[in-house]
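A.B. asks: Sequence:
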Amino acid sequence: MDDEDTTPAFRTVSGRERGYHRTAVDTFLAAARESFEQDSDDLSAAEVRVASFPLVKDGYDIAEVDAALGRVEDALAARQRERAVRADGAEAWVSHARSEAQVILDHLARSRRQKFARTGFLSFGYRIDEVDHVAARIVRYLRDGDQLSVEQLRSAAFRMQRGGYREEQVDALLDATIDVILAVR
Numbered sequence: 000m001d002d003e004d005t006t007p008a009f010r011t012v013s014g015r016e017r018g019y020h021r022t023a024v025d026t027f028l029a030a031a032r033e034s035f036e037q038d039s040d041d042l043s044a045a046e047v048r049v050a051s052f053p054l055v056k057d058g059y060d061i062a063e064v065d066a067a068l069g070r071v072e073d074a075l076a077a078r079q080r081e082r083a084v085r086a087d088g089a090e091a092w093v094s095h096a097r098s099e100a101q102v103i104l105d106h107l108a109r110s111r112r113q114k115f116a117r118t119g120f121l122s123f124g125y126r127i128d129e130v131d132h133v134a135a136r137i138v139r140y141l142r143d144g145d146q147l148s149v150e151q152l153r154s155a156a157f158r159m160q161r162g163g164y165r166e167e168q169v170d171a172l173l174d175a176t177i178d179v180i181l182a183v184r
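Numbering (numbering that gives the first Met the number 0), first residue to last: 0 to 184.
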């Protein structure tokens with residue numbers, strides 16, 4: 000048997016800890032590698048960002064896999080940027096990124112505690128004050144050039160509260176902001 004077949008691609012977790020399903024991760028990353036090496040458009044940076052895997056015993060370490068997925072997303076975004084610049088020019092690419100950034104800024108110009116739709120009183124959503132804090136950091140990044148990394152947004156986690164912000168809206172805005180950051184790297 001080949002040593003490559005027995006050595007896991009990432010550290011595995013043990014005990015009560017759960018990790019990402021090893022076969023699911025291996026299959027996804029193999030498809031991503033093939034797509035990248037063949038220079039195909041079968042997989043986008045956005046699709047890598049939303050990839051999810053079942054949590055199981057003896058699975059891969061979540062942080063290690065997430066870091067690898069971040070590198071894959073970065074590489075795919077860089078390739079997309081290079082293709083667009085070759086096809087339409089750098090000015091068009093920058094103009095598109097500015098336009099996307101302005102949409103985000105316009106959305107985040109809403110009043111404090113009113114930036115996103117809310118869940119019902121009995122339903123849980125993201126904690127409003129935590130989301131508003133991250134939103135303020137995004138505004139400072141886009142408007143003033145303050146530091147904000149893709150990794151910080153990828154790892155943003157919010158506690159839940161009754162009547163909180165709708166998760167899907169917040170997640171979509173975070174994804175759009177990541178796209179802008181990757182576009183101008």
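Derived by calculation from the structure, the hints in this document are not laboratory data.
The beta carbon of each residue, even a glycine, is placed where N, CA and C say it ideally should be.
One thing to keep in mind: the hints can contain errors.
Lysine to any residue pairs mimicking SDA-like chemistry, simulated, CA-CA at most 25 Å apart [as the list claims (entries may be wrong)]: (1) 114 x 156; (2) 114 x 86; (3) 114 x 151; (4) 114 x 168.
Here are the simulated distance ranges between beta carbons [as the list claims (entries may be wrong)]: (5) 65 x 101: 43 to 53 Å; (6) 138 x 22: 19 to 29 Å; (7) 108 x 183: 46 to 56 Å; (8) 88 x 17: 45 to 55 Å; (9) 174 x 33: 19 to 29 Å; (10) 108 x 6: 13 to 23 Å; (11) 22 x 110: 24 to 34 Å; (12) 138 x 88: 46 to 56 Å; (13) 148 x 171: 15 to 25 Å; (14) 86 x 16: 24 to 34 Å; (15) 14 x 98: 16 to 26 Å; (16) 14 x 109: 40 to 50 Å.
A.B. asks: Now, for every hint given, state plainly whether the structure supports it.
C.D. replies: Hint-by-hint comparison with the structure:
1. As the CA atoms of residue 114 and residue 156 are separated by approximately 17 Å, the hinted pair is consistent with the 25 Å bound.
2. Of the pairs offered as hints, the one joining residue 114 and residue 86 is violated, with about 36 Å between alpha carbons and a cut-off of 25 Å exceeded.
3. For the given pair, residue 114 sits about 20 Å from residue 151 by alpha-carbon distance, which is consistent with the 25 Å threshold.
4. Pair hint residue 114 plus residue 168 holds up; C-alpha atoms about 10 Å apart against a cutoff of 25 Å.
5. Restraint check, residue 65 to residue 101: a C-beta distance of roughly 30 Å breaks the suggested window 43 to 53 Å.
6. About 42 Å separates the C-beta atoms of residue 138 and residue 22, a value inconsistent with the hinted range of 19 to 29 Å.
7. Our hint of 46 to 56 Å for residue 108 and residue 183 is violated, since their Cβ atoms are close to 21 Å apart.
8. Taking 45 to 55 Å as the suggested C-beta distance range, the pair residue 88 and residue 17 conforms, at roughly 47 Å.
9. In this structure the supplied range 19 to 29 Å holds for residue 174 paired with residue 33, their Cβ-Cβ distance being about 24 Å.
10. At roughly 51 Å, the beta-carbon separation of residue 108 and residue 6 lies outside the given 13 to 23 Å, and the hint is violated.
11. A C-beta distance of roughly 47 Å is found between residue 22 and residue 110, which places it outside the suggested range of 24 to 34 Å.
12. Separation of residue 138 from residue 88 is about 29 Å and departs from the stated range, judged on CB atoms against 46 to 56 Å.
13. One distance hint, 15 to 25 Å for the beta-carbon pair residue 148 and residue 171, holds here, with the actual separation near 19 Å.
14. Restraint check, residue 86 to residue 16: a C-beta distance of roughly 46 Å breaks the suggested window 24 to 34 Å.
15. In this structure the supplied range 16 to 26 Å is violated for residue 14 paired with residue 98, their Cβ-Cβ distance being about 49 Å.
16. Hint check: residue 14 to residue 109, Cβ distance near 45 Å, so the stated range 40 to 50 Å holds.
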